[in-house]
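**Q** Sequence:
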Amino acid sequence: MTAGTVPAAASSLDALRLVEHEVGVLMRRARRALTERARLVHPDLQAIGYLVLVQVEADGPVRGSGLCDVLHLDKGAVSRSVQHLLDLGLVDRTPDPDDGRATLLSVSDEGRRRVRAVDAARRELLGERFADWSREDLCDVAATLRRYNASFGPEA
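Per this note's numbering, residue 583 is the first one in the sequence shown, and the count goes up by one each step.
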């Protein structure tokens with residue numbers, strides 16, 4: 583049996599191995615894509631910094647502790663990433679009006695411009711890669727991935 587093909591007589595274990603294989607391929611590609619996107623935003627940006635940056639854009643203004651919770655990263659990793667993003671001028675830090683001891687993070691104008699440029703390029707590339715897929719095929723893949731993700735329980 584080769585990867586990607588499932589003979590009619592394949593066992594459930596064989597089918598699960600295929601799922602495991604394809605998820606592994608997907609994870610390796612996702613990791614590579616994150617690294618590439620990070621470098622497109624800034625040559626010195628690491629993948630974890632890119633994840634923090636896009637989360638700040640999605641949720642900001644946000645406290646660092648909120649990033650830890652959402653990204654399931656330890657405080658030290660988030661703190662180092664945030665400092666690097668500040669040094670690169672991709673995020674801004676302002677005092678939290680509700681708690682003078684805390685600060686809020688938001689994406690800087692430059693950070694937003696760079697993330698949006700990378701997003702536009704990514705969408706264009708995806709459009710090219712899936713140009714011969716029907717809308718229904720794309721929706722089927724999305725539904726299958728949603729079902730796969732839901733089998734692990736709700737996302738935190």
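Careful, some of the hints might be misleading.
The calculated EDC-like cross-link candidates involving lysine to aspartate or glutamate, where the alpha carbons are at most 20 Å apart (straight line), are [unchecked claim]: (1) K657 with D674; (2) K657 with D678; (3) K657 with D641.
Computed spacing ranges between beta-carbons, pair by pair [said to hold, decoys possible]: (4) A597 with R675: 18 to 28 Å; (5) S593 with D669: 48 to 58 Å; (6) E710 with D641: 40 to 50 Å.
Don't read these hints as lab results, they were simulated from the structure.
Every residue, glycine too, gets a C-beta built ideally from N, C-alpha and C.
**Q** Would you mind marking each hint as holding or not holding in the structure?
**A** Hints and how they fare:
1. This hinted pair checks out: K657 and D674 have alpha carbons roughly 18 Å apart, not beyond 20 Å.
2. Between the alpha carbons of K657 and D678 the distance comes to roughly 18 Å, so the proposed pair stays at or under 20 Å and holds.
3. At most 20 Å may separate the alpha-carbon atoms for a hinted pair to count; K657 and D641 meet this at roughly 17 Å.
4. In this structure the hint that A597 and R675 lie 18 to 28 Å apart at CB is violated, the actual value being about 49 Å.
5. Between S593 and D669 the Cβ separation comes to about 53 Å, which falls inside the hinted range of 48 to 58 Å.
6. Between E710 and D641 the beta carbon distance is about 30 Å. The supplied range of 40 to 50 Å is therefore violated.
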